[in-house]
Structures are given as structure tokens and as C-alpha cells.
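The residues making up each chain are set out below.
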Amino acid sequence: MNHPEIWMLAAAGLFGLGLYSLIIARHLLRQLIAIKIMGSAVFLVLVVTAGLVDGSLDGIAQALVLTGIVIAVAAIAFALALVVSLAETTGSISLNPDDDDGR
Amino acid sequence: MVAEALACLVLVPVVAACLALVLPGRWRWLAVAAGLLPLPLAMAWLTGELGREGLITVAVAGFEAPLGIVWRLDGLSAVLVWLNIIIALLVGLHAAAHYPADKLNGFRFWPLWLLLSGAMNALLLSADLFNLFVTLELVTLAAIGLLVVDRKPQAMRAAVRYLLLALLGSLFYLLGVALVYGQTGTLDLYQAAGVLQPDLLGHTALVLMTVGLLVKAAIFPLHGWLPAAHGNAPGPVSAVLSAMVVKVAVYLVWRLWLWLAGDWAIPAGLTMLGLLGALAIVYGSLQALVQQRVKMIVAYSTVAQLGYLMLLFPLLGLVAFQATSYHLLSHGLAKAAMFLAAANLLTRLGTDQLGDLRGADRRMPLDVFTLALAGVSILGLPPSGGFIAKWLMLQTALAQGGWLWVGVILVGGLLAAAYLFRVLAVLCARPVACPELPVSGKADQLTSLVALGLALAALAAGFVPAPVLKLLATAWPLGGAP
Amino acid sequence: MTEWLLFWLPLAVVLVSALAGLGIFIAGEHRPILRVSLNLAAALAKVVLVGIMGLLVMAGQVPEFNFALLPGLDFKLRADSLSMLFAVLSAVLWLVTTIYAVAYLERARDRARFFGFFSLCVTATMGIAMAGNLLTFFIFYELLTLTTWPLVVHNGNRESFAGARSYLVHTLGASVFLLVGIIWLYQLTGGQDFIAGGYLGELGLDQYHSLRIVFWLLVIGFGVKAALFPLHAWLPRAMVAPAPVSALLHAVAVVKAGAFGLVRLVEDIYGFELVQTLGLDLPLLLLASFTIVYGSVLALFQTDIKKRLAYSTVSQVSYITLGVAIGGPIAAIGGMVHLVHQGLMKITLFFCAGIFANLLGVKKIDQLDGIGRRLPWTSLCFTIGALGMIGLPPVAGFVSKWYLGAGAVAVGREWVILVLLASTLLNAAYFLPLIKRIWLNEPARAWPAEIDASRLEVFGLVGATLATTGVAVGVGLFAGHPLSPLSWVTGIVTDYFP
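Residue numbers (this note's numbering), protein chains in the order written: chain A, -1 to 101; chain B, 2 to 483; chain C, 133 to 630.
Calculated directly from the structure, the hints in this document are not laboratory data.
Predicted model, so just to flag it, every value in this text is computed and none were measured.
Incorrect hints may have been included.
[Unchecked claim] Just some of the chain A residues that point at chain B, by a computed CB distance under 10 Å:
1) A9
2) Q29
3) V43
4) V45
5) A73
Glycine included, each C-beta is placed from N, C-alpha and C at the ideal position.
Working from the sequences, and respecting the hints, build out all of it.
Here is the structure:
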């Protein structure tokens, strides 16, 4: 943890990468993976900044990251289930940008 | 005793949700009743306590912050908890007609419904930034689960889009939380408030959290997911989405800007948020004017009405706080009534396309009447809760010479009149042909009466604002006269 | 006991019609007898309650209901003598119009909706009459807008929606100005009660600029309903509503609510003295004068009976504004008493127009030929109403015009006489040809759409019309009687100009 900048840069890179592919991807699975990558970046930041407070390992931050990962897993699982049933009912696995008015 | 009552608000619905999952058949009704009915009692008692104490804080299981988790009930969260309870009960009554707990769709519906109201209470009681993230996530997931409970394709598409954006928003929020924690070493919002510095890192954290929450709150221009989701959800779900789910995200933005960063003096940021609100009001209303489906009109109306909540930032002051909070409350009641009435039209007439609804007032007078009554509050006309909120907002805007905000509030009211009377005009028009409806059953009457009850509550809010506003005033963090 | 009565009576007067409205909605379309009896009972009860209140006010009591919405924001109903003027008028005419409307809509649909909202409208009118401060006034003023909308669209066809849209655009647009003006005033002085002579007098010179702006904001707000030029366009278009609606609402309730607001504004909020100090009386006077002439000129060109009456209303309602804007006690008497007189005469004329349209299908002026032989009683009423409008003694209209003219001379504004004269000539020009057609022309071979009306229907329609005609003549003939509107108004005005 002597060079937090490196970790922060890595996190920023991951976050940007995820955001980029979330925006350009059409396939829902790709979009979910992008979100997952962004999530990893956030957890990385959480661990690194927690280390900055007093230079030692912080139990609370570890606990937070663990909780965060659990929630992320649950959310992604839910999203996957939703995508699967969307694919079953509509036969499509991407969102058409034109249908958002719901007419 | 206080701790138990607070725990009751959160645990009772959540435990009932689990019970509703495992209990067979009719026993599920029991779980539903046991999960919702104790809430108003607990809250009534807590409100009494709050009136004496002014603020209730409880360290869960005895661990104080920063290590432990603190629950905190102030005037603002109390008002929102009340709204949540009223919506959960009354809209739940409406839902009971369509989702009998002993049937399959009821089995899908009720656990999520109970979980949603429990999670919402937990969110409103949380004083911990990370806890807020967890509860907000639970609220979102439960809400999206409810959205697809009927498995309609449009609702599913809307749900997937909502979910993707909501997850994105959560990540932004969590990133901000990480920065706050890194700087302050605490997650407790009220402890961090004194420590977090308005430097680059602090500002970045605030902006990240705000952006994340604005996505969930569907504030213009991040509202894209809302109309499809609210317009295609089942009736009771639309009601709770518009009345509560988006509101709690705005509530969190308030908490961040007024409590966490209350003394930062960032007028540019406040004005910026206000401008977003103003654009939301105008854009949402204009969109509502051109929609062809009643539920979509009501959904875009929500986009517009959420804008008023953002006007708290530029108008910053006790009266503005009371006004916007009261707007939140009365809009919640009125909008729930509107969505339920629209859902009744949709269910019984088979369509909510405006063109097919001519003369609906003959066949379903009660629901059309409900739409009109709820409309009075949305328009901000007297006598209604919406009027009190609008009056107070205008009063403080005028006192500050904020003519831009005065103009926005008034234009918003006029545009709301335009889109609501457009609907009413069609509903009251002479129909070309008017086939008789089948005689309405008990369930239909119940659903209509519930909607009417909510609309009447929104009007009644216009007569007794004093105790609510007094309760809100106790929560105001920044002090001083407006 | 008296305390209790004085507190609750104003609320009861307002609520009795609101409850009737709800009862009518619940009774629904298929229980006509219950509905009608409920309606008539409530109307009678209202007249009785207003009567009791009038006696109390005469005895020097002030019935007042007060409910604090918020600290400094009171919902207050109070019956002063000016309120009673409007309240008695509305209560009596509601009763008469209900009888008329029941007969008129015998063959129509959606009657429950109609009578329900009709009752709610009267509630709003009563509330306006007895509002003790601007907030309460605004509440009922907006309620009036909302509850009249379903009545204007009652026929459910394209024209009625167009008319209703115009009505809403005007009234809701104006309410924005009104609301800003009211909140501004609350900012300046806090929520104060209406009081004879106004409550803004003690404000300093530095506030005069704001006071001028607020005055015009409020004039716009009230002026729309009072059909003050150039805000009058909705009134003729709203004539698509059924005749009883036009009669009660557009000759009495809605336009009078606006005019009543203007009276309150000048006399009870600003006080005439302040209005004069601010130099606002002359612009208001000119506006009213112009509207009087303008409305009369436009009335000349209308071929539709109800449209002609509507433009006549535009002109006549501005007499009330004229009266308060001239200044001085005599003109104020003329203006306020016209509130009652114009209401009585105009409702008579609208009733007659409704009977012509309903029984014979006569809607255009050139179809009136010889109708005096077919419907002599109605035609007689129409003639009396029209002559009263022109200002022929002894019908009520003469009294108002006399006081307005005398008042103008008394304060040295002789030119107003010219306006009155022009208006009288124009009134004659657009009413006399109608009277000639009714009595002197040969009838056409067949009426446009004659219906076979039952005896009861005709009795209700013509009976109500005869009643209002009788009162209109009576208040003119017995203007000197201590219970006449004129004596009442004289009593009010002595409060304003001691």
C-alpha cells in the first residue's frame, strides 16, 4: 500500500473501461459484465482509501467490501434472471432504444 | 421500547415477507396482515415520542458509530415513513383485489411488497452512508421485482433498463461513499458532516453520490427509464414507484446536500440542481401533453413533479424545506390515487389509450372523479396539500426575489392543468358508442374506493398542514429564518 | 348558544350546498326523485340559513368562522353586509334556477353530474361571498373555476370543449397572476382580514411601487372572471353551456365573483383613498368605461340570442367596476346595487332565451319573429328584462344608472355620463329590435324544433322566469323600502364613506 496512486489509477481505468463498454454494448450480458467490472473498481477504491486513513489495514473497510460484493452478486443474479426471462418472453436479448416510450 | 418500535418498522415486514414465501395458500394472507398492520401502531407511538424528544437515535445492538450502525428518526424521515406506511397499506388494499395472496401471482407479489416497505423504512431510518447504499439497493431490487410480477414484455424491457441504470447509479454512489470514508474514517452521515472538508476530494465525493442518486430519482436529464417503467408496471406497483421509490432517492440527495454538506456554501451547485428541477418540470409536463396513454401521462407527470423537489436547493430555507417536503407528501398521495384510478380504467375498459376512453365517466364515474380530485392537488389548486406546498414555495421564492423559480412553479402549474384537463376532456366527451360494462363486483368497488380515499387524503392534506409542518421544522438542519 | 351559532353558521351556509352536491352524486342518474328533492331541500335550507344570517348581520352581529391552516394563514368565513348582498342574491337565485334547471333538463342526460357540480358551484359562490380574507377568497375562486368546467362541457360536443378550453385558459392563466399578487400582499402585510377602508393604508411610500404592481396583478386575476376588456373573450364562447348554466353562472356566479373581487380589492383591501393616492382609479375607470362601450358595440353584431346576451353581460358587469372606480359614496351605491340588479335582470333574460331554445328551438335572433303570440308570458318577461337593461324606470336597471350618473357628477367626473348615455343608446339599439320582432313581426309558419313539453315542465320554466322578473321589477319599484337592495347597499356604503 505504499503507492496508493497506482491502485487508484487502476481503479479509475477499470471504472472507465466498464462505463465505456456499458454505453457501447448492445447485448445485455455484455452490459452486465461491464457493470460488474465497474463494481470491482469501486471496491478497489474502497479498500485503498480505507488504507489511507491510518496506513494500516482497516477491518471495517474489508467488511464493507465483503457486504458490497454480496449485494453485487445478488443484484447481478437478479439481473441475469430478469434477462433470461426477458429473452424467453420476447426472444430478444438487447434493449431496443425505440421502445422506451412503452406505447 | 423505542429501539423495539424502530426495529418493528423494519423487521416486521421483512419477517412477514419470509413467512409469505414459506406459508401455504391462505395462510399467506395472515403473513401479509401481520406484516403491514402493526406498522401504523408502532409509528403512531414513535411519532408521539418524537414530538417529545425532537430526534430519536438508537445504536443497533448497542454498538455506537463509527463501528456500529445507528438508526435515526427525525421529523423528515418520520413524514416519509408515514407516507410509506399509508401507501403500503392503502395501495396494498388495492393490490389485494388483483393479487390474492393464496394464488400464484399473489405468491409472487406479496413477499416483494412486504420486503419493499420494510426496506424503505430501513432506508429512512439509516444514518449510515453504507447502510443507505444497502437499503437503497434492496428497495430498487424489490421494486423491479414487483414491476415484472405480471411478466408483461413491455414491463420486462422497462425493468431491465431500470435495473441497469439503477445499478450504475448505485456504483457512482458507492464510489462517493468510498471517498468519504477514506477522508473521514466514518460512515455515519452525521459524524462525517463535521469532518468532511469542502476540498477537491470532498466535492468529488458529493458529486459522485449525487449523480448516482439522481439516476435513481429520475431527475431530468437522467429520467429516461422512468416513464416506461412507471407507465407499464401493474397499477399498485406504478403507484408505489411514483409515490415512494423515486422519492427516497431525492430524500437522500437532500440528506447529502443539507446535512452532510450543509455548511459548504456552494451556491453554484445549488442553483445547478434547481435548474435541473426547473427543466424537469417543463420537459416532463410537455412530454405529458403529447402522450397517448393515460398511464404514460401520469408517469411523465411524475417526471415533472419530481422537479419541484429539487427547488429546495436554490430556495434553501426552512419554509422551502417545509414546502418541498409537503409537496413530496401530497404528491405521493395524489399520484398514487391517479395511478390506481388509471389502472382501474385500464383493467375494466381493457385500454388506457386516450382515443378509446371517450365517455369513460359514464361507465366508471368514481375513477374519473378520483383522477380529477387527485389532479386538483397535482395542479396545486386549493384546497389540497399541493396548494399549501405551492403557496409556501411561492412565498419563499418571492421573498428572495427569485423570479425565475416563481415563473417555473407557475408555468409548471399551468402545464399540469393543460395535460390533466386534456385527459378529463376526453373522459367526459360524448362517446360514439357506449357498450355497457358488466356489473361491477365487490373487488372493483374496493379498488375504486381505495383510489378515491388516497385522492381525498391528498385534499385533506390541504386542511391540516400545521402539525406536519411543525414536525418537519424540527428536522431542519441549517437553522435561521428563511 | 349565540356564540356557537355565530361561529358555525357561515360554514353551514357554505357546506349545505356542498353536501347536497355529494348527495346528488351518490344518488346518481337513476334516482331522479331522490336527487331532485335533495337538491330543492338544500336550496331551501340555504335560503333559510342565509336569511337567519341576514337577520343576525342586521342586528349588528358578525358571524365568523375561523380555522388556522398555518400560523398566519387563516381560513376565514365572515358575513359582513357586503357579503350578505352577494350571499342573498346567490341563495335566492340558486333556488329559482334549480327549479328552472330541473324542468329544463327533463330530457337531458348526465343529470346527476350536472346538478352535483351545479351545487358545488353555488358552494364556491357562497364561499366567495363570505371569504374574510384573500386566501379564503382565492380558495373558493379556484373552486369555482374547477366546478364550472364540467358544466360548460356538459353537452359533450366539440364546441363545448372549445368553449371550456377557452374558459380554462383564461381563468387558470389569470389565477397565476392572482396567486402571485395575493402572496405578495401576504408578504407585505401578513394575512389580514377584509376591512372597510382597506388595510394597506399604513404602508409607507417605499412600498407604493409594489402596491401598484400588486393592484394590477389582482385586477388581472379578478378581471378575467368579471370579463373586463381585454380578458373577456371566454364569456361569449362559454355560452355553449346549457341555459341554466349560462343564466346562473355566467350572469350571476362567475362574472359576479370577479366583480365582487374587484369591489373587495378597491374598497376592502386598498381602500379607495389609497387607490386614489396611487393614481390607480382613473386607469380602472377608463378600462371599465371602455369595456362598457365595447361590449355593447359587439353585442350589436351578434345574431345568436345567447351570444348577444353574453356581450351585453360583458358591458353590464363593468358597471359595477365603474361604480367603485368613480369614487364617492353615490357612485359606489350605484355599482354595488348593480351587482344585484344586473343579476336579476340578466338571469331573467337567460331564462327566457333558454325557454325559447328549449321549447321551440329558437336560438337565432331572426327566428324570434312573432314569438310573443306563441309564448306570451315568457316574451313579457324578456321584454321587461330588456327594458330594465336599457334603464327604463321602474325596472331595477334604472336605479343603478341613476346613482352611477349622479355619483360621477358628485365627484366632478361628468364625462362618465357620456359613457352611460352611449351605453344606454347601444342597449336600446340591440334590445329594441328584438322586442319589435317578438311582438310586432308575423310568426314564421313553423318553429325550428318545437317539442311537446309537459305542463309541469312549462310550469317550472315559466314560473321561475316570472319569479325573477317580479323581483327585478319589485326591487326597482320599492327601492325606497328599508329591505330593498338599494337601502342595504346604502347602509354598506356609509361604512366606507363615513
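Okay, the hints, checked on the actual structure:
Given the 10 Å rule on beta carbons, the hint for A9 (chain A) holds: about 9 Å separates it from the nearest Cβ of chain B. The beta carbon of Q29 (chain A) is positioned within 10 Å of a beta carbon in chain B (closest approach about 6 Å), and the interface hint is therefore held. A distance limit of 10 Å between C-beta atoms decides the matter here; for V43 (chain A) the minimum to chain B is near 5 Å, and the interface restraint holds. Below 10 Å, beta-carbon pairs count as interface contacts, and V45 (chain A) has one with chain B at about 9 Å; its hint therefore holds.
With its C-beta approaching chain B no nearer than about 6 Å, A73 (chain A) sits inside the 10 Å limit, and its interface hint holds.
In this structure, every one of the numbered hints holds.
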